[in-house]
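For this one, chain B is given, so just place chain H on it according to the hints.
Chains B and H, in that order, give the protein sequences. Just so we're aligned, residue 1 is where the first sequence starts under the working numbering, counting upward by one. Just so we're aligned, residue 1001 is where the second sequence starts under the working numbering, counting upward by one.
No wet-lab data here; the hints were simulated from the structure. Treat the hints with care, as some may be off.
[What the hints assert, rightly or not] The calculated BS3-like cross-link candidates involving lysine-lysine, where the alpha carbons are at most 25 Å apart (straight line), are: (1) H:Lys-1078 with H:Lys-1042; (2) B:Lys-3 with B:Lys-69; (3) H:Lys-1078 with H:Lys-1057; (4) H:Lys-1057 with H:Lys-1042; (5) H:Lys-1042 with B:Lys-3; (6) H:Lys-1042 with B:Lys-69; (7) H:Lys-1083 with H:Lys-1057; (8) H:Lys-1057 with B:Lys-3; (9) H:Lys-1083 with H:Lys-1042.
As the structure is a prediction and not an experimental result, all values here were calculated from the model.
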Amino acid sequence: DAKTTQPNSMESNEEEPVHLPCNHSTISGTDYIHWYRQLPSQGPEYVIHGLTSNVNNRMASLAIAEDRKSSTLILHRATLRDAAVYYCILRDLSLIQGAQKLVFGQGTRLTINP
Amino acid sequence: EPEVTQTPSHQVTQMGQEVILRCVPISNHLYFYWYRQILGQKVEFLVSFYNNEISEKSEIFDDQFSVERPDGSNFTLKIRSTKLEDSAMYFCASSLLEAKNIQYFGAGTRLSVL
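Excised from the complex, chain B in its bound form:
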């Protein structure tokens, strides 16, 4: 799996936007960019994924650089409940056969200040 690089930690204030960066300079053409998060004392939770175009869902937005070597997860208005470790993971969805494991890095620990 292609490697991703994320800052160890970030801090933001409640009700402000948060931009979580991820670098993936060795990404291949068939790698999708996924984001998961892990709230305290919980299992990981899917957030969003995309290939080339920017993506929006009810949880967040994903902005993907034109060269796909980096991406940014955007929380538009952070709440205290968004405090979690955020993981950027690449998955090759062209691999049709078999289940696909998720390979977690250390992620970015996001702290939200009230």
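Relative to chain B, chain H alone:
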């Protein structure tokens, strides 16, 4: 909203004892996974399971580990003879056949080996 359920939430055992961790995946999901997270470390893949057989397993998943889907709803992880280093959070996950990249995780079982 459907969720993955894991029991027990906390399991304490003596070294050398067998433990079985139980999971009820989301009902229409066909791919099942176990991951573990040692305190303060990354989430690590253990094994994936589809169509009543193991799809992939990691180096961690040695002969002391086994998985089973004993009926139509449960998915279990057995550790035959626990070691101190097996102490960790164990997460079960499941995914749809057509969306293997989106895995739904349970809240985990904390295994403490004394």
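Here's how the hints hold up against the structure:
1. H:Lys-1078 with H:Lys-1042: Distance ~21 Å between H:Lys-1078 and H:Lys-1042 Cα, so the pair holds.
2. B:Lys-3 with B:Lys-69: 11 Å, holds
3. H:Lys-1078 with H:Lys-1057: With a Cα-Cα distance of about 14 Å, the restraint between H:Lys-1078 and H:Lys-1057 holds, given a limit of 25 Å.
4. H:Lys-1057 with H:Lys-1042: Holds - the C-alpha atoms of H:Lys-1042 and H:Lys-1057 are around 17 Å apart, at most 25 Å.
5. H:Lys-1042 with B:Lys-3: 15 Å, holds
6. H:Lys-1042 with B:Lys-69: 23 Å, holds
7. H:Lys-1083 with H:Lys-1057: With Cα atoms ~19 Å apart, H:Lys-1083 and H:Lys-1057 stay inside 25 Å; holds.
8. H:Lys-1057 with B:Lys-3: 20 Å, holds
9. H:Lys-1083 with H:Lys-1042: The hint holds at about 19 Å.
The structure fails none of the hints (numbered hints given earlier).
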